[in-house]
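Q: Please work from the sequences and hints to get the whole structure.
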Amino acid sequence: MKLITISIILFTFLFLRFFFFYQNPSHPKDGGYISFRTTLLSEPQVIGNYQRIYTTLDQKTKIFVFTSIYPEYHYGDVLIISGNLKYKVLSNGSHISSMNFPKIEAVKSSENYILAFISFIRQKIVLVYERSLPAKSASLLLGIVFGIKEAMPKEFSDNLKMTGVTHVIAASGMNVTLVGGFLSSILVFFVRRQIALFLSVIGILFYAVLSGLEPSIVRAAVMGIMAFSAQILGRQRIASYGLFVAGYSMLFILPSLLSDVGFQLSFISTLGLLYIRPLFERTDRAIKLLKSSIIGDETVTTISAQISTLPILLVNFGTYSLWSILTNVLVLWTIPILMILGGVGAILGIIIEPVGKLFLYLCLPLLIYFEIVINTFANYGGILKIENISWPIILGYYFILFSLVSVFKKK
Amino acid sequence: MKKSAVIVFLAIFLLGATAVFQYSKFYDGRLHLIFCDVGQGDAIFIRTPRGKNILIDAGPGDNVLSCLSNHTPFWERKISLAILTHPHNDHFAGFNQVLKRYEVSVFGMEKLENKTQGYKRLVQDINNNNIKINYLFAEDSFKTEDGLKIYIMAPNESFLAKTSPNNIIGETKEFSSLITKISYGSFHVILTGDSQVEELKEAVDSHNLSSVDVLQVPHHGSKTGLNSKILEVIKPKIAVISVGADNRYGHPTFYILNLLKDLSIKTYRTDLEGDVEIVSDRNSWLIQ
Chain A
1 MKLITISIIL FTFLFLRFFF FYQNPSHPKD GGYISFRTTL LSEPQVIGNY QRIYTTLDQK
61 TKIFVFTSIY PEYHYGDVLI ISGNLKYKVL SNGSHISSMN FPKIEAVKSS ENYILAFISF
121 IRQKIVLVYE RSLPAKSASL LLGIVFGIKE AMPKEFSDNL KMTGVTHVIA ASGMNVTLVG
181 GFLSSILVFF VRRQIALFLS VIGILFYAVL SGLEPSIVRA AVMGIMAFSA QILGRQRIAS
241 YGLFVAGYSM LFILPSLLSD VGFQLSFIST LGLLYIRPLF ERTDRAIKLL KSSIIGDETV
301 TTISAQISTL PILLVNFGTY SLWSILTNVL VLWTIPILMI LGGVGAILGI IIEPVGKLFL
361 YLCLPLLIYF EIVINTFANY GGILKIENIS WPIILGYYFI LFSLVSVFKK K
Chain B
412 MKKSAVIVFL AIFLLGATAV FQYSKFYDGR LHLIFCDVGQ GDAIFIRTPR GKNILIDAGP
472 GDNVLSCLSN HTPFWERKIS LAILTHPHND HFAGFNQVLK RYEVSVFGME KLENKTQGYK
532 RLVQDINNNN IKINYLFAED SFKTEDGLKI YIMAPNESFL AKTSPNNIIG ETKEFSSLIT
592 KISYGSFHVI LTGDSQVEEL KEAVDSHNLS SVDVLQVPHH GSKTGLNSKI LEVIKPKIAV
652 ISVGADNRYG HPTFYILNLL KDLSIKTYRT DLEGDVEIVS DRNSWLIQ
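From first to last, the protein sequence lines stand for chains A and B. Quick note: the first sequence, position 201, residue 201 per our numbering, numbers continuous. Count along the second sequence starting at 1, add 411, and that's the number in our numbering.
Treat the hints with caution; some may be incorrect.
Stated by the list, open to error - Cβ-Cβ distance ranges computed for the label pairs, FRET-style: (1) A:E72 with B:K677: 40 to 48 Å; (2) B:G685 with A:Q23: 52 to 60 Å; (3) B:K677 with A:E353: 42 to 50 Å; (4) B:G685 with A:V407: 47 to 55 Å; (5) B:G440 with A:N375: 25 to 33 Å; (6) A:V261 with B:T635: 16 to 24 Å; (7) B:D439 with A:E353: 25 to 33 Å; (8) B:R488 with A:Q23: 51 to 59 Å; (9) B:R488 with A:N379: 28 to 36 Å; (10) A:V261 with B:K640: 57 to 65 Å; (11) A:N379 with B:F548: 17 to 25 Å; (12) B:D673 with A:A106: 35 to 43 Å; (13) B:D673 with A:I47: 32 to 40 Å.
Unchecked claim - Once the Cα atoms are required to be at most 20 Å apart in a straight line, the calculated EDC-like pairs of lysine to aspartate or glutamate come out as: (14) A:K154 with B:D682; (15) A:K154 with B:E524; (16) B:K463 with B:E514; (17) A:K154 with B:E684; (18) A:K124 with B:D536; (19) B:K526 with A:E72; (20) B:K414 with A:E72; (21) A:K357 with B:E487; (22) A:K357 with B:E514; (23) B:K640 with B:D657; (24) A:K154 with B:D657; (25) B:K511 with A:E72; (26) B:K560 with B:D682; (27) B:K463 with B:E487; (28) B:K612 with B:D551; (29) A:K124 with A:E72; (30) A:K124 with B:E514; (31) B:K414 with A:D297; (32) B:K489 with A:E353; (33) B:K531 with A:E72.
Derived by calculation from the structure, the hints in this document are not laboratory data. By construction, the Cβ of each residue, glycine as well, lies at the ideal position given by its N, Cα and C atoms.
A: Next comes the structure, spelled out in structure tokens:
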């Protein structure tokens with residue numbers, strides 16, 4: 001009873017927040033002149049002769065800014081951008097705003113010391129990776145370890161999309177868990193447990209900013225920090241509450257996230273892991289089987305995440321790779337190994353480059369294996385295309401899923 | 412702990428296997444000449460029989476990096492000689508990326524300048540990395556210990572002074588570009604950059620050219636780069652065009668493609684075939 005009351009109150013607040021946020025839809029006019037100040041939270045992409053900067057206006061409107069290749073802008077830079085806005089509605093109903101060669105004034109980014117420092121570290125890590133590994137492998141490892149995507153050749157990122165493994169180059173729950181777990185397990189040797197956990201939380205925050213504060217990483221960081229804080233306070237960790245608190249507070253702060261595909265995927269796939277995955281472990285025999293088989297874990301994880309996100313994938317991308325479960329099973333086991341080797345390589349590489357290089361070299365065989373799997377399956381096709389999927393079907397899908405999960409859970 | 416030890420040993424073992432495999436692949440004692448697929452632009456990578464790396468132009472963006480890493484072992488980050496045929500963006504912009512990741516010993520280029528930000532940045536990067544600049548003119552040459560010769564056929568100083576007064580090159584018109592002859596044993600290649608008929612004719616007339624195996628079609632197959640007379644003198648066995656798919660200039664032109672067809676010169680294109688790699692052992696050569 002209490003839970004319902006609290007839920008109703010919370011959702012009323014959220015509703016009010018949404019109401020006020022969207023009350024004055026301020027879609028910028030096509031061709032209108034705007035001038036705004038922004039902090040870059042993703043690295044501009046260099047495409048041929050120009051840079052593409054991704055930023056947002058009033059936290060609501062995504063804008064792609066195209067500008068000449070020099071001067072170079074970087075993650076963390078504070079820019080004042082002035083010019084005419086182009087507004088376009090795409091065929092799938094979403095809209096996109098862009099500015100072509102506006103006036104850009106770089107404000108000293110050093111006014112925010114923490115961001116400037118993280119930006120420096122980020123550039124240094126990218127450089128160490130790119131100096132140590134072949135171009136494609138470096139970009140793949142940057143994606144896996146830090147969710148940094150800007151250096152990836154388009155052909156390869158298309159292949160990742162086609163084979164249904166793009167999620168590995170988005171920093172998310174797995175990364176946060178590994179960062180937190182790795183830091184705390186090392187730190188407990190040196191300091192008291194509570195302090196080790198506290199420092200791990202700082203580490204997670206640092207990592208989240210480093211990887212560009214994407215919705216998936218923020219969600220995971222909030223959850224991870226909650227889990228760790230619960231440990232510091234000596235309480236049991238309750239993952240599903242963590243997920244809801246994370247989702248709720250993110251939506252409250254930034255209602256426009258609701259339509260962000262990354263946010264939707266990250267939230268729903270975590271739900272899938274929390275509720276669908278345990279269904280595979282209902283008997284002792286099943287648990288034993290999963291533990292003893294080499295790739296059993298990856299298989300059920302992938303299946304759970306895919307079942308829960310299938311409609312979102314279809315609505316937003318219109319395609320689904322029939323190979324995706326197989327490709328995921330083939331590559332997912334390498335992720336924790338690559339994250340640890342790549343993470344250690346990055347930290348050491350910042351201090352002593354040759355030592356960092358050695359760890360990055362160790363990643364190379366796995367990265368080559370990863371690339372071969374992706375490129376092979378991308379060539380096989382097997383793409384399911386669905387042009388239109390209507391809302392009743394999606395709702396129906398989730399109702400059926402919800403009821404199935406609750407029935408099986410009770411048994 | 413046991414599991415992670417297994418993984419670490421496995422990683423070390425696989426790294427060793429990768430190293431052995433790449434060593435035997437990239438130190439095969441033959442010359443490799445690769446026309447990199449960099450989109451609309453030029454980048455030609457040469458790996459000498461004993462593993463020296465030479466890069467002529469670097470294309471318009473970072474595609475050149477994939478080409479370099481696909482044709483060198485992973486531990487090598489040294490380019491002994493980099494040459495820029497002329498300061499236009501589709502030939503030099505990639506050097507910016509290359510210099511960040513590779514150690515370049517010598518940078519050879521025309522004594523020409525370009526007013527753009529990108530070019531200024533390139534010169535700045537070359538200086539910051541303390542790379543030696545060699546200004547190249549006709550008759551300059553480089554030789555490697557393993558028998559590769561790079562010879563500059565054109566332009567000479569007077570041609571450069573005539574076509575680019577005050578050593579400034581404009582953004583749109585191309586007049587002079589380094590024309591180089593690469594020789595290894597009896598294998599000969601002519602690389603042309605963006606050179607035009609006038610310069611190429613001068614280069615061909617002033618040299619005794621016999622048995623050219625590979626000709627790079629000048630200026631991505633633009634109709635102003637080549638004519639039938641020049642082609643009949645050079646008589647290459649094959650031609651290669653560095654060009655981007657669906658480029659806005661309409662390169663390569665029908666005129667040039669027909670010219671090559673009329674003389675039955677087999678033509679390879681980077682927009683259709685990706686990287687075009689030619690391998691030679693001094694006496695013979697083949698397309699790989």
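Q: Any hints from earlier that this structure breaks? Give me their numbers in increasing order, please.
A: Violated hints: 6, 11, 12, 15, 20, 23, 26; rest satisfied.
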